[in-house]
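From first to last, the protein sequence lines stand for chains D and X.
Okay, so the first sequence: first residue is 1 according to the working numbering, each after it adds one.
Okay, so the second sequence: first residue is 1001 according to the working numbering, each after it adds one.
One or more of the hints may lead you astray.
Result set (DSBU-like, lysine-lysine): computed pairs, CA atoms no more than 30 Å apart in a straight line [said to hold, decoys possible]:
id	chain 1	residue 1	chain 2	residue 2
1	X	Lys1039	D	Lys89
2	D	Lys89	D	Lys317
3	D	Lys115	D	Lys161
4	D	Lys188	D	Lys115
5	D	Lys317	D	Lys348
6	D	Lys87	X	Lys1039
7	X	Lys1180	D	Lys87
8	D	Lys89	X	Lys1180
9	X	Lys1195	X	Lys1321
10	D	Lys115	D	Lys89
Hints in this document: simulated from the structure, not taken from any laboratory.
This is what each chain is made of:
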Amino acid sequence: MAGETRKQARQPVAEGKAQGNGISAVSQNGHADATAEDGASEAFVEYPAGAYTHEELGLSGDDARAMYRNMLLQRRFEERAAQMYGKQKIGGFLHLYIGQEAVSTGSAYAMEIGKDSAITAYRDHGLGLALGMTSNECMAELFGKVGGSSRGKGGSMHYFKKELNFYGGHGIVGGHIAVGAGIAFAHKYKGDGGVCLTYFGDGAVGQGSFHEAMNLAALYETPCVFVIENNEYAMGTATHRAFAQPDFYRYADSYGMPSALASGMDIFSVYKAMSDHIAMARNNRPSILEVRTYRYRGHSMSDPANYRTREELDARKEQDPIVRLKGYLLERELASNEDLDAVDAEIKQEVMDSVTFSEESPAPAISEIYEQVYAQTDYPFLTD
Amino acid sequence: MAVLQFREALRAAMVEEMERDENIFLIGEEVAEYNGAYKVSEGMLDRFGAGRVIDTPISESGFAGLGVGAAMAGLRPVVEFMTFNFSFVAFDQLVNNAAKIRYMSGGQYAVPIVFRGPNGAAGQLAATHNTAVESLYSYFPGLKVVAPSNPDDAKGLLKSAIRDDDPVIFLESESMYGLKGEVSDAADYLIPLGKARIAREGADVTLVAHQKSYWRALEAADRLAEDGYEAEVIDPRTIRPLDIDAIAASVRKTNRLVVVDESNPFASFSSEVACQVQERLFDWLDAPVLRVTAKDTPAPYAKNLIEYYMPRAEDIVAAAKKALYAR
Ligand SMILES: Cc1ncc(C[n+]2csc(CCOP(=O)(O)OP(=O)(O)O)c2C)c(N)n1
Ligand SMILES: [Mg+2]
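Let the sequences and hints guide you as you build the complete structure.
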């Protein structure tokens, strides 16, 4: 019956292997190798957690430390934003990215910011900050102040930053996936060498826009990486309850695209996977990269997240990408505890300063309601 | 009379109808295991089982179309949109299929389906999550559009909508789900579609307002009364078919009309009412028909902007006074 809980069938075949990361040596949904149980052939690559060192990836100690700072900024920013929401400084919906920071940071370091483009859904604070939006403009946008990136007109779900080729935060699930294909189309059309990274959640895979965009991107060979941030839930719906075939990377087969599965709990896995996929995109080969990640908070501030257990959440927090990188930096003596504490203190100050900035930034003038509706600003009807 | 929240009244209507007719089922995002994004369907999965209270993926076009097909084939789906902003993903199913199949099939196929969910603004949700759709969907012949403002009407109208043999767009409101009111416990409580309700009588000016705007209009009527003007408040309840006779009767009495609507003003419910009234009653009008609507722009996020953007009681008072040539 349509509404009955869907198959739990694609659970890990080898329990023992499926631990420790967003993914293990096998896909979470049970594909032990390149051949599905049903015999369908599929070629895809995996980027498990713990498989890479920074040196192997050509990253310096400075890079690794910068990645740490980049992730921690997102975490601290959102923790503070949640508090400000509680104080009603922020209205509407607030969707936190906490837990998923390795995805944004890993890709920000793999791409060429300014040349390449990015577009995502409404859970957009992390990516915005990772790409280089400032805490001030991000916090002020949440406060609905003129110091915000969209002058307080877009709010949490609608960050945009043109200088960074950040094409937004989008509130309607799935709609922006096709837009991402279009941005990639423009890169190719203009021959500017850029690629577009198009991020969306597991839930968006249920939308027609996803499937239409995949086919268009493949057909027109657009330089696009479709990044599925699989955090296992779309609101209260676990992926296996919403998809007959919940191994999302496998959809690439239907569109003749390459695909891969990466752990989103290890920044180096994300970085490596993104680098490989961006390289394919530069050759006009669009692809799907499914990243297995997890959100620690409810879907939005009003969601108590009763659909999952405390144990599940705690187990996932054990694999925290920031804690993992911290351990790595310490173990490799790339940083000392004191160094990292100092980074944390500095970030906390930056975020507190952004709160002060946002408090002090003025609310938009009422007349701004009528601004930015059209390019032409003096239409007589654009007034009370 | 029992006092129910708006959401409870809606649930009561669905539960009663589903118990009466097993061809009725509820389908939509988070309606079953999560008990509804806004808890309208709380407990219904337990009561009716997963075969009749059905969770969907985020596939509005798909499940709206599935509903249309099921309706053509003899079932009576109630399709919940988490909000009507997301119905735009399913626009083709609503406006091409649901609305037109009876006509195109020469009457062979009916599409008895209800699309329901919250409509319009709910605070600082910014442009994509703030669209009031009554003007839009009532544009399409073949669709009926219902927009109740209190729990009693919600129950009686939803039951009628479910029994209706045509597609009904049934509009609720995120910010009204908790609203409490007395609800008839008559055994089979049906309020006919297409009948307005006179909520407050008055001889000086007519205010037509539905859903959240209705409450703003009542507030405005109180303030006008303090200044000595008696407003008649009409809640159309159904946007299409529109009870223009009730509105016309009131305007014949007051000779002045203000229409309040959360839609953007251009080609909208308010412009339709204004047009029909001037066509019928030009000689009866003592002042131009005035409108209080959302501003003619997308919706902004900032608190001060969105508050100003939506119709406020003070705007209605000002418009009424203008129609009254007062002060
Ligand atoms: C078309 C559409 N339908 C429904 C919604 C309501 N909604 C917002 S987020 C969401 C869940 C999306 O889940 P997913 O894509 O997995 O992203 P995540 O929240 O996990 O980041 C839903 C149903 C929406 N915004 N747009
Ligand atoms: Mg998700």
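Cross-check of the supplied hints:
no., hint, result
1, X:Lys1039 / D:Lys89, "holds, 26 Å"
2, D:Lys89 / D:Lys317, "holds, 28 Å"
3, D:Lys115 / D:Lys161, "holds, 13 Å"
4, D:Lys188 / D:Lys115, "holds, 12 Å"
5, D:Lys317 / D:Lys348, "holds, 21 Å"
6, D:Lys87 / X:Lys1039, "holds, 25 Å"
7, X:Lys1180 / D:Lys87, "holds, 27 Å"
8, D:Lys89 / X:Lys1180, "holds, 28 Å"
9, X:Lys1195 / X:Lys1321, "holds, 28 Å"
10, D:Lys115 / D:Lys89, "violated, 35 Å"
In this structure, only the earlier hint numbered 10 is contradicted, and the remaining ones agree with it.
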